[in-house]
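Quick note on numbering: UniProt numbering labels position 574 of the sequence shown as 574, and the sequence is numbered without any gaps.
No wet-lab data here; the hints were simulated from the structure. One should not assume that every hint holds.
[Unchecked claim] Under the rule of at most 25 angstroms between Cα atoms (straight-line distance), these lysine-lysine pairs were calculated in the DSS-like manner: (1) 381 / 527; (2) 77 / 62; (3) 506 / 572; (4) 468 / 306; (5) 628 / 335; (6) 77 / 194; (7) 506 / 521; (8) 506 / 517; (9) 468 / 517; (10) 83 / 46; (11) 628 / 675; (12) 381 / 572; (13) 675 / 527; (14) 381 / 335.
[Said to hold, decoys possible] For each label pair, taking beta carbons as the anchor points, the in silico distance ranges come out as: (15) 474 / 549: 41 to 49 angstroms; (16) 89 / 178: 33 to 41 angstroms; (17) 692 / 607: 48 to 56 angstroms; (18) 288 / 419: 25 to 33 angstroms; (19) 784 / 477: 38 to 46 angstroms; (20) 539 / 572: 38 to 46 angstroms; (21) 383 / 585: 58 to 66 angstroms.
If you're wondering where the values come from, they're calculated on a predicted model, not measured in any experiment. Using N, Cα and C, we set each Cβ at its ideal position, and we do this for glycine too.
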Amino acid sequence: MTLDGQIFLALTKSSRCERGVICKEQCRIGDDCGSCVLVQEGDKCKEETTLESLYCDVKTNKTDLHENAFLICNLVKNRIERKICSSGQYFIDGKCRHGHVRYKRQGTAGSGRVGDFCSFNTDCLTGMFCSTGSCTCLSNFVAIQGYCYLKKNPGESGCQYAEQCSAVWPESRCEKSRCECPEDVNGIPYVQAKTRDGVICILHSGEDGDPVPKCPLPEYDDDLLTMPVSQLRNPAMTDPDDTEVEMGEHVNPLQFCTSSSTDYTTFVANGGGACVYSNDPQSSDGIYIADIYDCVTSPASMANVKTAMEGVYDLHPTTDGICCPNRAFTCIQPKREADTGSAAPAGVRPRWWYNAVTGTCEQFMWDPWDETEMQSPNNFKTREHCESYCRDTCKRGSPQYLTGNAHNEDEPIHNCQTASSCVSNFECTSIGSMQMCCPTVASICSNGGGRGYDVHRTTNFDPGVSMKRSFSLSFATSSRYYYDAEQGRCIAFTYNGALGNFNNFKSSADCELFCAKLQCKYGTPLKIGATNQRCSTNADCPSTHECQSDHNVCCPRPQAICSQPLRLGDCKQSVRRYWYNAVTRACEIFDYTGCQGNDNNFETLLECQNTCENIIPEPQCPQGDAYKDYQGNYYVCSNSGVGNSCPVNYECYFDGYVWGCCPTKAYTCTLSPHKGVTCGSGSSYRYFYNSQTQECESFQYNGCDGNSNNFATREDCEGYCSVGGCPSGGTPERNEFGQLMVCSATQVCPTTHECTSVNSGSSVVNRCCPTRSYICSLPPQQGSSCSSSAASRYYFNIVTKECTQFTYNGCSGNLNNFATIEQCNNFCLSAACTPGDVAYVNPNTNMPYECNAALSNSCPSNFVCTYDQLSSTSVCCGATHMGEFHKYCNYKFSETHELLLLYNKSKSEVM
């Protein structure tokens, strides 16, 4: 049965063959029609089944899927019947479904079509790769009816669909298996023109009697046929109104050329030579530009030009083309964005340009009549044209060519296999399904800027030339940036407006982003301010970086790069990139906005995987940094007795995501101060715990590394290392000069503190320590998050006069924070007692016994009835069984709360 010239067949559940005959395998989508078993509608069947409707595409001789049809077995007739889904529905996963919920199909390995699920590239058909679980066309293929077909250039044979042509050049057609240029713009026909990068489409002429053919870009609209062109200006142009110049001796303002010329250094003003420029139009000494400008030929057009200009601008008889920026030079030009404010000129329209730094096409608003600078050829009507013209070739700079007799006969190398396949300063690069020899980053970011170095130039940058806009006006200069290989940084320079090289960037950020790989394989060099931090050995860099000896800069280690969080950036573009999620230990896709961000940002999935393989996230220690091995990778430990154990002075700690070796408190608080290594953050004053004086002191810190005895504030230091020896916790009070107060009968403490004798080195001094009443009246603080989950803790509620549960985030907070309700009750309900005494606890209620001060025997022996302002009750304060209490003093507890809990528990058991 046929429909629309296609033969519809169905796939049987088993191959049909006679005994003794070799059966073919069942057909899958994309198989050769004759290599597998297909069944026509009407064939016999015996079981109830529903099948996809396959057909043989007679153009490709491949099996394909009819998306809105399916086949069933009619058990009454025992015949296969074809059914059609309702309008707008598709047959997917055994059901007819609406088009707005197009489900991805689960394809068989090697048969995945565009959009089908995949795990590996081999799950997809030819011309595809597996991208984030979905079969996607390679960049030099176009998706048509679920398959990927190779894009075809104008003039190239082998097209089957018009989309193969229009994906390269908008509105191109496929006629007799050959891609043809669009027909016309406002009646002006397109013609094909050959360049070393392939055939392009150019307009045969302008309108209103203008016979000159047009450079391909910017693309023309119906109303733009007279707009300023990007064609090379002739440096020898003369004033057409100058009557002293004889007829026919005037020089045309546009630069024409002869495609057969192989002299690329002699300037010929009337078009008799190759594309050559000259700073001195009176001289034949020319500037070589044949590597950035093509002689775009159109013999029929140029014949009309010669006829029309005869007697005014006499061209050389061999002239057959115009000089236009080539593909590589076009694609690095910055966008010419229009003013879109209230005073925006008429005719402003959206266009696309190729960002050679990010490797993506971006939309912008364009004013075609702005002549303040030379018109940028990096200007396309559609994203598809932008991508096919600029993305499907080298990212920056021209590829290596197989040389022909003349430049236009050169062809790019498309099949290099290894680095040795390319000449010096080029590397074999995968672009879609091709392998091209593209310029290395080092060659682009060098003095030569991806072109032959000009021995006459005395600067490390190429300022370009000042090009005439008309006989009396030149295009304006602008500020640009180049990478200085000697200084290892990007520097501003004044660009004269035309020509130059590929080491030419619109902004410092673009320059640094592209040329950073010249210094570091991955990531960007460590900077102090705007200058790269210099090094001779790894000791000159923080442990997160290593010294790159070739350039003497500190480059980030993989651990540092791959531990960085996802950062989308601060611009407005949408660039597909990959980042390493250290928690899931997998590379994930994200949309990068085009600027800022961080080093955990990779152009390809493979680059991400190769850099970050087996990297774990940085363990978040309570204080200091987790232990790293000699390669700078974090050490994974286990506290189960199985697996790696931590080195001496480190303990295995789980931060909620990963186990790591963290420095112990005892080790941290005995370390000498370490000034660390100089790095980009600069030096500052920090605090360390001096174990000799038992006080926290300041020191100058260089910014990176050092050791864990390093605190941002004195309070952090004192709180962590328990400075002061206050019996109820906390730190002694300081005066307005930051010095510890010494209290006495005449020098009293604030009402929130009490004078207490504490050890200070080998001496005993009186300090003002926080009272338990003060501690227990503090409001609850949830603290800062330092692990994956929060914990339930208890605080004394000054309003309700009882201990209440709250959520604690794990770090910081204040002293009104207890692990259990018993700790909270024993500490805060003894607030009225003097240091060393506790409230008597009723063993039946585990709460302090309420006494009456008016009664002499209200409290047990050695206890005194004392009024507690905190709870507004009277409690029995004292200390019996001193031997029991002192027994606990022989232990080293980090928290006074726990000591009091154990003591009170002991008392209740004895009593």
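A quick look at each hint next to the structure:
1. 381 / 527: violated, 40 angstroms
2. 77 / 62: violated, 30 angstroms
3. 506 / 572: holds, 17 angstroms
4. 468 / 306: holds, 23 angstroms
5. 628 / 335: It is violated: about 46 angstroms lies between the C-alpha atoms, which goes past 25 angstroms.
6. 77 / 194: With Cα atoms ~62 angstroms apart, residue 77 and residue 194 exceed 25 angstroms; violated.
7. 506 / 521: Answer holds: residue 506 to residue 521 is near 24 angstroms, not above 25 angstroms.
8. 506 / 517: holds, 18 angstroms
9. 468 / 517: violated, 37 angstroms
10. 83 / 46: holds, 18 angstroms
11. 628 / 675: Holds, at roughly 19 angstroms.
12. 381 / 572: holds, 20 angstroms
13. 675 / 527: Holds, at roughly 19 angstroms.
14. 381 / 335: holds, 13 angstroms
15. 474 / 549: 41 to 49 angstroms: holds, 46 angstroms
16. 89 / 178: 33 to 41 angstroms: Distance hint for residue 89, residue 178 holds at roughly 37 angstroms.
17. 692 / 607: 48 to 56 angstroms: holds, 51 angstroms
18. 288 / 419: 25 to 33 angstroms: holds, 27 angstroms
19. 784 / 477: 38 to 46 angstroms: The hint (38 to 46 angstroms, Cβ to Cβ) is violated, given that residue 784 and residue 477 are roughly 52 angstroms apart.
20. 539 / 572: 38 to 46 angstroms: This hint holds: roughly 42 angstroms between Cβ atoms.
21. 383 / 585: 58 to 66 angstroms: violated, 35 angstroms
In summary, the structure is inconsistent with hints 1, 2, 5, 6, 9, 19 and 21 from the numbered list given earlier, while agreeing with the others.
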